[in-house]
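Following the working numbering from start to finish, the sequence shown increments by one per residue and tops out at 130.
Hints listed in this document are in silico derivations from the structure and should not be mistaken for laboratory results. Keep in mind that the hints are not guaranteed to be accurate.
To be verified - List of simulated lysine to aspartate or glutamate pairs, DMTMM-like, C-alpha gap at most 20 Å: (1) LYS64 / ASP125; (2) LYS3 / ASP62; (3) LYS41 / ASP100; (4) LYS40 / GLU85; (5) LYS40 / ASP125; (6) LYS2 / ASP62; (7) LYS120 / GLU85; (8) LYS120 / ASP62.
Unchecked claim - Computed Cβ-Cβ distance ranges for the label pairs, DEER-style: (9) VAL39 / THR91: 11 to 21 Å; (10) ILE110 / VAL12: 14 to 24 Å; (11) GLY61 / ILE110: 16 to 26 Å; (12) ARG4 / VAL98: 31 to 41 Å; (13) MET1 / GLY43: 30 to 40 Å; (14) ALA23 / LYS127: 45 to 55 Å; (15) SER123 / GLY93: 24 to 34 Å; (16) VAL98 / GLY42: 16 to 26 Å; (17) GLY61 / GLY93: 34 to 44 Å; (18) ASP125 / ASN65: 11 to 21 Å; (19) LYS127 / MET24: 39 to 49 Å; (20) ASN65 / ILE38: 14 to 24 Å; (21) LYS2 / ILE99: 32 to 42 Å; (22) LEU6 / ILE114: 21 to 31 Å.
A quick note: this is a predicted structure, and the numbers were derived from the prediction, not measured. Every residue gets a Cβ at the ideal spot worked out from N, C-alpha and C, and that includes glycine.
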Amino acid sequence: MKKRILRWLPAVIMMILIFIASAMPGNELPKFGTVDLIVKKGGHMIGYALLAIACFLAAYGDTKNVTRSAVLSLCLAIIYAASDEYHQSFTPGRSASVIDVGIDAAGAIIGVGITAFIIKLRSRDLKQPI
Numbered sequence: 001m002k003k004r005i006l007r008w009l010p011a012v013i014m015m016i017l018i019f020i021a022s023a024m025p026g027n028e029l030p031k032f033g034t035v036d037l038i039v040k041k042g043g044h045m046i047g048y049a050l051l052a053i054a055c056f057l058a059a060y061g062d063t064k065n066v067t068r069s070a071v072l073s074l075c076l077a078i079i080y081a082a083s084d085e086y087h088q089s090f091t092p093g094r095s096a097s098v099i100d101v102g103i104d105a106a107g108a109i110i111g112v113g114i115t116a117f118i119i120k121l122r123s124r125d126l127k128q129p130i
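Go ahead and model the full structure; you've got the sequences and the hints to work with.
Structure below.
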């Protein structure tokens, strides 16, 4: 049981960090000039890729099933993205955006896709005789 809790800790930490970032009022967010939009949307993708990877690895540790872990982690990341946008709508200077949920989902898909691919490659390599 203790191992299971520790496996999920990185995902919980990512959720807390995302929640804190969403609670920052719009006028306190860092500005990056002309690349502001790219940086912010890239941050969305990276944050949700990391969240989905953390969820995937925790779920995979529980099930050892790549498909089940991928589906679960994507569902968790996308539901969290939607709830985070809703939370953000109550923050001064911020608003909720369906487009941001899509960008978050894309980041989650990329993160899970890369992680699942690596796990599949590693398991295939371990099965081959030396």
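Against the structure, the hints:
For the proposed pair LYS64 and ASP125, the alpha carbon gap of about 16 Å is at most 20 Å, so the pair holds. Restraint check: the Cα-Cα separation between LYS3 and ASP62 comes to about 10 Å, which is no more than 20 Å; the hinted pair holds. For the suggested pair LYS41 and ASP100, the alpha carbons sit about 8 Å apart, so the restraint of at most 20 Å is met. About 14 Å separates the Cα atoms of LYS40 and GLU85, which keeps this hinted pair within 20 Å; it holds.
A distance of roughly 38 Å separates the Cα atoms of LYS40 and ASP125; the hinted pair therefore is violated under the 20 Å criterion. As the CA atoms of LYS2 and ASP62 are separated by approximately 12 Å, the hinted pair is consistent with the 20 Å bound. Restraint check for LYS120 and GLU85: not satisfied, since their Cα atoms lie roughly 33 Å apart, outside the 20 Å limit. About 16 Å separates the Cα atoms of LYS120 and ASP62, which keeps this hinted pair within 20 Å; it holds.
Judged by the Cβ atoms, the range 11 to 21 Å given for VAL39 and THR91 holds: they are separated by roughly 19 Å. Distance hint for ILE110 and VAL12: a CB-CB separation of about 21 Å, consistent with the stated range 14 to 24 Å. The hinted window of 16 to 26 Å between GLY61 and ILE110 holds, with their beta carbons roughly 21 Å apart. At roughly 34 Å, the beta-carbon separation of ARG4 and VAL98 lies within the given 31 to 41 Å, and the hint holds.
Evaluation of the 30 to 40 Å hint for MET1 and GLY43 yields a pass: the beta carbon distance comes to about 34 Å. For ALA23 paired with LYS127, a C-beta distance near 47 Å keeps the hint of 45 to 55 Å intact. Hint check: SER123 to GLY93, Cβ distance near 47 Å, so the stated range 24 to 34 Å is violated. For the hinted restraint 16 to 26 Å between VAL98 and GLY42, the CB-CB distance of approximately 18 Å keeps it satisfied.
For the hinted restraint 34 to 44 Å between GLY61 and GLY93, the CB-CB distance of approximately 39 Å keeps it satisfied. A hinted range of 11 to 21 Å for the beta carbons of ASP125 and ASN65 is consistent with their spacing of about 19 Å. Restraint check, LYS127 to MET24: a C-beta distance of roughly 47 Å satisfies the suggested window 39 to 49 Å. Checked against the hint of 14 to 24 Å, the pair ASN65 and ILE38 fails, with Cβ atoms roughly 36 Å apart.
Remark: the range hint 32 to 42 Å for LYS2 to ILE99 is upheld by a beta-carbon distance near 40 Å. At roughly 23 Å, the beta-carbon separation of LEU6 and ILE114 lies within the given 21 to 31 Å, and the hint holds.
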